[in-house]
Each structure stands twice: as structure tokens, then as C-alpha cells.
Amino acid sequence: MGRPLIHRSPMPGLGLSMGITLAMLSLVVLLPIGALLLKGASYGLAGIWETVNRERVWAALFLSFRLSLFAALFNLVFGVLLAWVLVRYRFPGRRILDAAVDLPFALPTAVAGISLTALYAPNGVFGQLAAAIGWKIAYAQWGIFIALVFVGLPFVTRTVQPVIEEIEREVEEASATLGATRLHTLGHVILPMLAPAALTGFALSLARAVGEYGSVIFIAGNIPLVTEIAPLLIVIQLEEFNYDAAAAIGIAMLLISFAMLMAINLIQVWSRRRIGNV
Amino acid sequence: MLATLTHAGAATVRQAATVHSGGHVTLAVLRRPAGRRGARTLRGLLSAVALAVLALGAAPAGLRAETLLNVSYDPTRELYREVNEAFAAFWVAQGNETPTIEASHGGSGSQARAVIDGLEAQVVTLALASDIDKIAQTGKLPADWQTKLPHNSSPYTSTIVFLVREGNPKGIRDWGDLVAEGVEVITPNPKTSGGARWNYLAAWAWAEKNGQDPQAFVKALFQHVPVLDSGARGATTTFAQRGVGDVLLAWENEAYLALKEIGEDQFDIVVPSVSVLAEPPVALVDGNIRSEGQRKLAQAYLDFLYSPEGQAIAFRNFYRAWDASRADPADVARFPKLELVDIAHFGGWAKVQPEHFGDGGIFDQIYVPK
Chain A
1 MGRPLIHRSP MPGLGLSMGI TLAMLSLVVL LPIGALLLKG ASYGLAGIWE TVNRERVWAA
61 LFLSFRLSLF AALFNLVFGV LLAWVLVRYR FPGRRILDAA VDLPFALPTA VAGISLTALY
121 APNGVFGQLA AAIGWKIAYA QWGIFIALVF VGLPFVTRTV QPVIEEIERE VEEASATLGA
181 TRLHTLGHVI LPMLAPAALT GFALSLARAV GEYGSVIFIA GNIPLVTEIA PLLIVIQLEE
241 FNYDAAAAIG IAMLLISFAM LMAINLIQVW SRRRIGNV
Chain B
1 MLATLTHAGA ATVRQAATVH SGGHVTLAVL RRPAGRRGAR TLRGLLSAVA LAVLALGAAP
61 AGLRAETLLN VSYDPTRELY REVNEAFAAF WVAQGNETPT IEASHGGSGS QARAVIDGLE
121 AQVVTLALAS DIDKIAQTGK LPADWQTKLP HNSSPYTSTI VFLVREGNPK GIRDWGDLVA
181 EGVEVITPNP KTSGGARWNY LAAWAWAEKN GQDPQAFVKA LFQHVPVLDS GARGATTTFA
241 QRGVGDVLLA WENEAYLALK EIGEDQFDIV VPSVSVLAEP PVALVDGNIR SEGQRKLAQA
301 YLDFLYSPEG QAIAFRNFYR AWDASRADPA DVARFPKLEL VDIAHFGGWA KVQPEHFGDG
361 GIFDQIYVPK
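Taken in sequence, the protein lines are chains A and B.
Position 28 of the first sequence, counted from 1, bears residue number 28 in this note's numbering, the numbering being contiguous throughout.
Position 369 of the second sequence, counted from 1, bears residue number 369 in this note's numbering, the numbering being contiguous throughout.
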């Protein structure tokens with residue numbers, strides 16, 4: 001018992017900065033999630049299962065997570081490409097394009113949703129073209145997909161961009177002198193270096209899409225079993241003053257999200273180990 | 001609050017604080033004693049926190065003229081904009097100070113929830129009595145609130161009509177035509193929209209009166225709905241601006257407003273043979289009244305809605321009000337006569353709400369997997 005309970009760190013400001021961090025984290029993250037879990041606990045596991053285990057809820061959860069996954073995958077590919085273009089090429093308007101990548105963050109999601117709906121509705125500019133070939137975008141699952149791609153796009157680009165900036169030309173040149181083709185260099189040298197950052201961006205994009213409500217609600221059509229997203233079901237339960245059921249669906253979403261992010265994290269750890277720390 | 005500041009000031013550096021009337025605070029640093037860096041950071045932080053607490057606490061305080069918040073539902077924006085202006089003029093003419101009247105609009109259910117969760121509304125003017133009942137259950141207003149004002153506390157009423165595209169290309173005349181092959185119907189979601197519940201009940205009433213199974217009829221009707229918006233205004237936008245659907249089930253006032261705002265050459269109003277008498281009620285929220293002055297203001301505001309002037313404004317905004325003495329005859333003559341069924345016919349909201357719109361209720365059964 002001779003040891004002091006709290007070790008003084010040689011780094012100044014540890015206690016203070018840790019205190020502030022914990023206090024802030026509690027206020028804005030841990031407490032709300034804790035309240036949600038507490039609400040769920042008071043409802044009971046059986047109650048949660050009964051609420052979630054219904055065709056309509058499963059349909060909404062499946063829709064939300066499936067489309068979020070597709071949107072995040074799309075963003076993974078497109079976001080890396082976009083980052084590559086922005087870093088590697090010099091062209092007029094590059095800075096404007098670079099700034100525009102962040103717009104989905106800045107724009108209120110409702111504005112984004114309404115603009116997308118106006119464009120892709122049957123009488124909108126793109127919606128008319130699509131309707132001509134018998135393709136429905138707004139008020140169908142495609143509309144939800146587009147909205148989710150929109151809100152998640154900056155994540156991958158912004159996480160990958162600094163990594164591409166760090167890659168030195170010499171690495172590619174070395175690869176070329178050793179006789180690798182461009183494709184081989186890309187696949188075996190560059191992409192592995194980008195993988196951890198790209199996965200982080202993918203996870204962020206996925207998490208963002210799963211919880212998205214504001215923009216999707218305008219373009220989705222919201223037909224139960226067809227285009228009804230899980231966050232809307234939560235809102236509907238709240239409209240009925242059914243806080244327990246709302247919390248139950250919220251907890252289900254939280255658990256699925258957590259499992260998915262966990263899986264992505266494991267892949268990341270594995271890929272880091274395989275190619276070394278980048 | 002001053003104590004907090006003084007304390008923080010003593011612990012850190014000497015500061016002179018000036019609190020202005022608006023709640024803003026300026027701090028003048030007089031002397032900064034030398035100290036260890038860590039301690040100084042801590043002190044700086046403490047005073048920053050004290051300042052934040054002070055700013056947060058002081059902001060809402062202060063003496064102002066009486067204020068009033070009216071929490072209302074979606075399509076009443078235009079109505080209450082006009083009412084608030086007229087009432088403020090009326091209140092000042094009575095020898096009072098100019099009041100600050102604010103109105104908030106949204107889906108009726110979510111507005112009620114906001115009040116339950118602590119939104120300080122002195123007056124609620126919602127789409128459904130059941131939403132105000134929910135607020136009453138928290139004790140913020142008496143259970144018999146609906147008896148406090150005339151006409152079930154509904155200074156104006158409305159009904160549900162059809163808005164169709166110009167020339168009525170699908171030939172829609174009555175509820176039965178809505179389930180014809182190829183007709184697309186736009187209505188908001190009854191789970192989230194008060195107006196949509198009236199839509200649903202009107203369809204139900206028509207089916208009852210025409211010897212059809214009401215449950216099968218509303219089910220067939222909702223199979224023709226391609227988009228379920230969460231509120232009445234959203235549904236109007238989907239129909240009018242996005243060009244989706246052949247017919248919009250709408251509040252009568254919303255339908256007339258769409259004609260006025262978007263153009264009479266684009267839409268026609270079709271009045272069905274049977275519809276509902278929708279009574280959007282108003283109430284004073286006792287639990288949120290902070291002073292006698294505020295109570296007087298809130299009561300006068302509600303009474304004003306029943307005054308000939310208030311009623312004339314309601315008529316002008318396409319609501320069916322009661323007292324037409326000051327209204328423009330053209331505003332009154334606009335409304336066609338039709339058979340109206342009120343909520344009592346369905347057994348009152350206390351019965352209808354759980355039976356039809358509750359979790360697993362009749363409306364939920366429409367959407368079962370095939």
C-alpha cells in the first residue's frame with residue numbers, strides 16, 4: 001500500500017486534460033447512450049425482442065443496413081478515386097472541387113434531401129430521364145441509396161487524401177524498375193498502403209448512413225416494408241408516445257452498428273499486421 | 001451567478017465583471033498574478049467555466065413585455081401569422097404593451113411531444129384532441145380542458161377533400177374512385193400526421209355508408225399510396241411540386257391554399273359525398289403559465305380566436321369557422337355543403353386512437369407482408 005493511488009505522470013497536464021476529456025465524453029456521448037440502454041433495461045429483454053421481432057421492423061432494419069452498406073462500399077471505391085484525382089493531378093478548378101467534397105457535411109441534411117428529391121422525382125431533371133427508361137429513383141430504394149452516398153462521401157476521401165499525399169514517388173518508381181506493371185504497382189503497392197485509412201473512412205461512412213434520417217425521409221417514400229428506414233420507425237414509435245419501443249429499436253440499431261464497426265476494426269487490425277503499420 | 005463569478009475571480013485573477021441588462025457579460029482583467037503554468041491554466045479554465053455558466057444562466061432572464069408561445073400543427077402557418085399580427089394590434093389597443101407572440105409548427109404528434117418534454121408553450125393549437133389529451137396526462141392542463149371553450153374548444157373546423165390535377169384526368173368524384181386501377185393517392189402517414197388520421201377516418205366513414213367493409217376499403221386505398229410523407233405539408237409538396245400521384249387527400253384549407261399559392265390552373269378541388277368534421281382544438285397550458293399577466297394574455301389570445309375578427313381571419317384562411325358576422329361573404333360561400341361525420345361517430349379519440357392507429361392497430365395491419 002506504499003504506492004500512491006494516483007501516479008504523477010511526468011507529462012504536465014495529464015490530470016486536467018483527462019478530466020476534461022472524460023467530462024465532455026460523458027456529457028455528449030456516454031450519458032445519452034447510457035440513458036438509451038437504461039430505458040431499454042427498464043423495458044426488459046423480452047420486451048425489446050418482442051418489439052424488434054416483427055416483419056416490419058426486420059424489413060426496416062434490413063433495408064437500413066443493406067443500403068448503408070452498399071452506399072459505404074460505393075463511397076469506398078469512389079472516395080479513393082476522388083482522393084487520388086485530387087492529390088495526384090493538377091487541373092483547373094481542383095481547389096474548388098476539393099472544397100466541394102466537404103459540402104455534404106456543411107449542408108443541412110433536409111436541404112440535401114429536398115434537393116435530391118427535386119432532381120430525381122419523376123418530374124425532376126434526372127428523374128424525367130430515368131422515368132423515360134422506366135426507372136424510378138426518388139420514392140424507391142435507389143433514392144435512399146443516393147441520399148446515403150451523398151451524406152457519406154466526404155469520409156473516405158478525407159481519410160485517404162493525406163495518406164496519398166504521403167506516398168513518395170520513389171516507391172512507385174522502385175516498383176516500376178523492378179518490372180511491375182502500373183496495375184501491379186497499384187494493386188500490390190499503393191492500395192495496401194491506403195487500405196487502413198480507406199477502411200476507417202468506410203466505417204465512418206457506414207455509421208453515418210445507418211443513422212441518417214433528415215435527408216432520406218424526403219426521398220424515400222416511406223412505404224412500410226418497401227422504403228421505410230429504421231430511424232423512421234423510431235420516430236413513428238415516438239409519435240405514439242411509445243418511448244419503450246422506440247428505445248428498443250434504437251438499441252437494436254446500436255448493437256448491429258457496434259458489431260459491424262467491430263468487424264471493420266478487426267479487418268483493419270489484420271490488414272495493418274499484414275502490411276505493416278502505415 | 002454573481003457569487004460563482006466572484007468566487008472564480010478570487011481563485012484566479014482579479015476581474016471586474018459588468019453584467020449588462022441583456023444578460024451579456026464583460027470581464028475586465030485587472031491583474032494577472034504570476035504563478036505556475038499549470039495553476040494558471042487551471043485558473044483560466046475555471047474562469048472560462050464560470051463565464052460560460054454565467055452566460056447560460058443570465059441569457060433568458062430579464063424583464064420583457066409578456067411573451068406567448070403558440071405550439072401549433074403543420075398547415076396553420078398562414079392562419080396564425082395573420083392571427084398573431086391582428087391579436088397584437090388588438091392587445092395594444094386595449095392599453096397593453098406590445099406582446100411577443102411566437103408560433104411553432106410541425107406534425108401535431110411531435111408538437112405535442114415537444115410540449116410534454118418541456119417546450120414552454122402557453123397555448124397549444126393542435127390537429128387532434130387526442131394530442132392535447134396526451135399533454136393533459138402529464139398534468140400540465142386539466143383533463144376537462146376541452147370543455148373550457150365553446151364548440152369543443154375548436155374555434156374553427158375543417159374537413160378532408162380531394163385535390164386532383166387540372167381537368168380531373170382520372171375522373172375522380174368520390175372515395176370509391178380512389179381504389180380504381182392505376183390511381184395513385186397521396187396522403188401523409190396516419191402514424192405521424194394528424195391530418196392523415198382524418199383522411200383515413202373519412203375513407204372509413206364513406207365505406208361504412210356505402211355498404212363496404214371499411215377495413216378492406218382503407219386497406220385497398222393505402223395500397224394505392226406510393227409515398228407516405230410524415231406531415232400534411234410534405235404530402236402537399238410531393239403532390240404539387242414533385243408531380244407524384246393523381247389525387248391528394250388534404251385538409252380543405254390546405255387544398256385551397258395550394259390553389260392560391262401554386263395556381264388555380266393546375267389543380268381542381270373535388271368534394272366527396274362524405275367526409276369528416278375535423279375539429280382542431282385549442283387550449284391554454286396551465287402548467288406553463290409563469291405569471292398572472294401571461295395568463296391574461298394567453299386567455300385573451302384564445303378568446304380572440306372566437307371573436308368576430310378572429311373568426312373572419314379563419315374564414316379568410318379557408319377554415320370553416322362559426323361566426324361569419326365580420327367575414328367576407330365570399331370566404332364563407334366558398335365552402336360546399338357535404339355530409340360531415342364527427343369523431344364522436346367513431347367513438348371519440350380515446351377509442352379510435354389505440355384501435356386504429358396504435359401499435360399493431362388496424363392501420364398497422366394494412367402493411368402485412370404478402
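There could be a bad hint or two in this list.
Stated by the list, open to error - Below, in silico cross-link-like pairs of lysine-lysine (DSSO-like), each with a Cα-Cα straight-line distance of 27 angstroms or less:
(1) K170/B x K39/A
(2) K134/B x K296/B
(3) K136/A x K148/B
(4) K170/B x K296/B
(5) K134/B x K337/B
(6) K170/B x K134/B
(7) K136/A x K140/B
(8) K148/B x K260/B
(9) K260/B x K39/A
What the hints assert, rightly or not - Listing some non-contacts, in silico: residues in chain B with all C-beta distances to chain A over 10 angstroms:
(10) G139
(11) N152
(12) P169
(13) K191
(14) Q215
(15) A220
(16) L228
(17) S230
(18) K296
(19) D359
Note that these hints are calculated values from the structure, not bench results.
All C-beta atoms, glycine included, are put in the ideal place defined by N, C-alpha and C.
Query - Unmet hints by their number, sorted upward, for this structure - result: Hints 1, 3, 4, 5, 6, 7, 8, 9, 13, 16, 17 and 19 contradicted; others consistent.
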